[in-house]
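Just so we're aligned, residue 0 is where the sequence shown starts under numbering that gives the first Met the number 0, counting upward by one.
These are calculated hints, taken from the structure and not from any lab test. Using N, Cα and C, we set each Cβ at its ideal position, and we do this for glycine too. Hints are not guaranteed to be accurate.
Below are the BS3-like pairs computed for lysine-lysine, each with C-alpha atoms no more than 30 angstroms apart in a straight line [what the hints assert, rightly or not]:
#: 1; residue 1: Lys124; residue 2: Lys364
#: 2; residue 1: Lys124; residue 2: Lys155
#: 3; residue 1: Lys141; residue 2: Lys100
#: 4; residue 1: Lys364; residue 2: Lys155
#: 5; residue 1: Lys404; residue 2: Lys390
#: 6; residue 1: Lys100; residue 2: Lys124
#: 7; residue 1: Lys390; residue 2: Lys100
#: 8; residue 1: Lys141; residue 2: Lys412
#: 9; residue 1: Lys155; residue 2: Lys141
#: 10; residue 1: Lys345; residue 2: Lys404
#: 11; residue 1: Lys124; residue 2: Lys141
#: 12; residue 1: Lys100; residue 2: Lys12
#: 13; residue 1: Lys404; residue 2: Lys364
What follows is a list of derived Cβ distance ranges for each label pair [unchecked claim]:
#: 14; residue 1: Thr114; residue 2: Arg200; range: 33 to 41 angstroms
#: 15; residue 1: Ala264; residue 2: Thr320; range: 24 to 32 angstroms
#: 16; residue 1: Ala70; residue 2: Ser109; range: 29 to 37 angstroms
#: 17; residue 1: Ile81; residue 2: Ser109; range: 30 to 38 angstroms
#: 18; residue 1: Arg275; residue 2: Glu368; range: 18 to 26 angstroms
#: 19; residue 1: Lys141; residue 2: Arg407; range: 19 to 27 angstroms
#: 20; residue 1: Glu139; residue 2: Arg275; range: 36 to 44 angstroms
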Amino acid sequence: MKRFSQQFHTAAKRVTMTKAESRDLRERLTAYMEYHPLPEAMRTPQAKVATGALASEPFWVVRFNTMRTRALASVATLVVLIIVPFAAEQTVPGDVLYPVKVRFNEEIRSSLALTPYQQVEWETKRVERRLAEARLLATEGKLTEAVEAEVAAAVKSHTDAAQAGLAELRESDSEEAAIAELTFASALEVESEVLESETARHEAAGASTTATLAATIADARAAVASPAATEVSFERLLAQVEDETTHAAELLLSLREDISMQERADIDRRLADIDRKIALALESREIETVESVEVVTSTSTDETATTTVETIVAPVVDEATAKQYLREALQATQKLIRFMTDIDVKANVSVEELVPVTPTDDERKDTLELQLLQIERQTGAIASQEALSEKTVFGLAQVDELVEKVERALVVKEYATAESAAADALALLADMARVSAEVPATPSESATSTEAVVEEAEDPESPTEPEPPATSTNAVAEPDQPEEPAEPEV
């Protein structure tokens, strides 16, 4: 039996499987293990190998927590890309994060301005940002000459960039360039008004002023073309005005709960003025468009026949007046939007200074009638003086002519002519009143013989003898005395 067992083991050692049989068996075992895993209780815990550092190890093994590393990297990215730029937006020149604001934040936004029109808009916005920073420093008394010079250089750089963008835009789209130039001019005008108001206030208080910045803005305004010189079609102007007025109306609607009733009334009045200007532009446009075509007939006669030629002459449509109304409406709307959206502008200038009220025809007529009453009162006060010089008499005659001019202009509703004449009359009356106040009336020092005679008659107790009648031409002639008869000659 023992021999058989040895023979069996010897024979078993000689039995081997082919490679295909080994692979098939391994796959079967693996599949069985996957579907029949060993229970947790029967598993043997794996022994941890000690990884103590050996003196002979050439390097250190450092283990990192991948999840924690990713979290820290995310937080660092959030701080660098979001929190720091956001905090830099509130900085002014001299702060630590101010370079991040002008060299990182604003440059990224500049790269996002893809079209020349967007570039001009962004450079205009950068001018407004630099001036707002300077005003804040001036209010706090921190605007030194060096900082003001730095801000002025930045403003000039931005205005030059805007001008370059306008020049580039003119080559591709002249009408779009004209609209952008109007917007740029409106922004510079608003900044000029704010700086002038703030400079005057700071000079009165003895604080640091922004005179250098005001001069820089004045130079930039001088470099911008006049709004009347911008070439743009009526339709393009009208479309832009409609967009701006719609935006202004929506903005006012959203701010009605945050502003006072007086401010709402003031803004409503300006929007009504803008609507009237648009209506005037459309009316001027319609009047010019519906004019009939003129037919000019010319007759020429020669020795043989008479020839009659009819030439159709199309009316010359002058859109200058209509465009001017739209330009004024566009700039007034843009200024009004800036007043409603910029707290700094609102704090430094009033809406009347920024967008003056445009009186209606009825208001202009009422004002002219009040001025006529004022002219009448002042004329009566000057004419009631005892002694009038030749200049005063001549001035009163001129005032009468101007009053007649005002009345004639009111009849035909030429309010501009009437306002000019009324202003001239009031200025002339003011000059005459000032001259009358500066030259007091002096009493006459030489009495006439008539006064002397009256005084003698009223004072019978006077001890002096009556003087003989004066031989002056001003003396009062005495009654004729009867002449004595002449004695006959002997």
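Just to be careful, I want the Cα atoms of Lys155 and Lys141 compared with a cutoff of 30 angstroms; is the pair within it?
Measuring from Cα to Cα gives roughly 21 angstroms; hence the hint holds.
Can the suggested window of 24 to 32 angstroms be confirmed for the beta-carbon pair Ala264 and Thr320?
Given about 30 angstroms between the Cβ atoms, the range holds.
So if I understand the rule, the pair passes when the alpha-carbon distance is 30 angstroms or less; does Lys100 with Lys124 pass?
14 angstroms, holds
30 angstroms Cα cutoff - pair Lys100, Lys12:
Judged against 30 angstroms, a Cα distance of about 83 angstroms means the pair is violated.
Given the hint that Lys404 pairs with Lys390, does the C-alpha gap stay at or below 30 angstroms?
21 angstroms, holds
Holds or violated: are the alpha carbons of Lys141 and Lys100 at most 30 angstroms from each other?
Holds - the C-alpha atoms of Lys100 and Lys141 are around 19 angstroms apart, at most 30 angstroms.
30 angstroms limit on alpha-carbon distance, applied to hinted pair Lys364 and Lys155:
Not OK: Lys364 and Lys155 at ~45 angstroms, beyond 30 angstroms, violated.
Quickly compare the C-alpha distance for Lys390 and Lys100 to 30 angstroms and report which way the hint goes.
Not OK: Lys390 and Lys100 at ~67 angstroms, beyond 30 angstroms, violated.
Please verify whether Lys124 and Lys155 have alpha carbons no more than 30 angstroms apart.
13 angstroms, holds
Okay, Thr114 versus Arg200 on CB: inside 33 to 41 angstroms?
Given about 39 angstroms between the Cβ atoms, the range holds.
Hinted pair, alpha-carbon criterion (30 angstroms max): Lys124, Lys364. Please report holds or violated.
41 angstroms, violated
Should the hint that Ala70 and Ser109 are 29 to 37 angstroms apart at their CB atoms be regarded as holding?
34 angstroms, holds
In this structure, the hints that do not hold are numbers 1, 4, 7, 8, 10, 12, 17, 19, in rising order.
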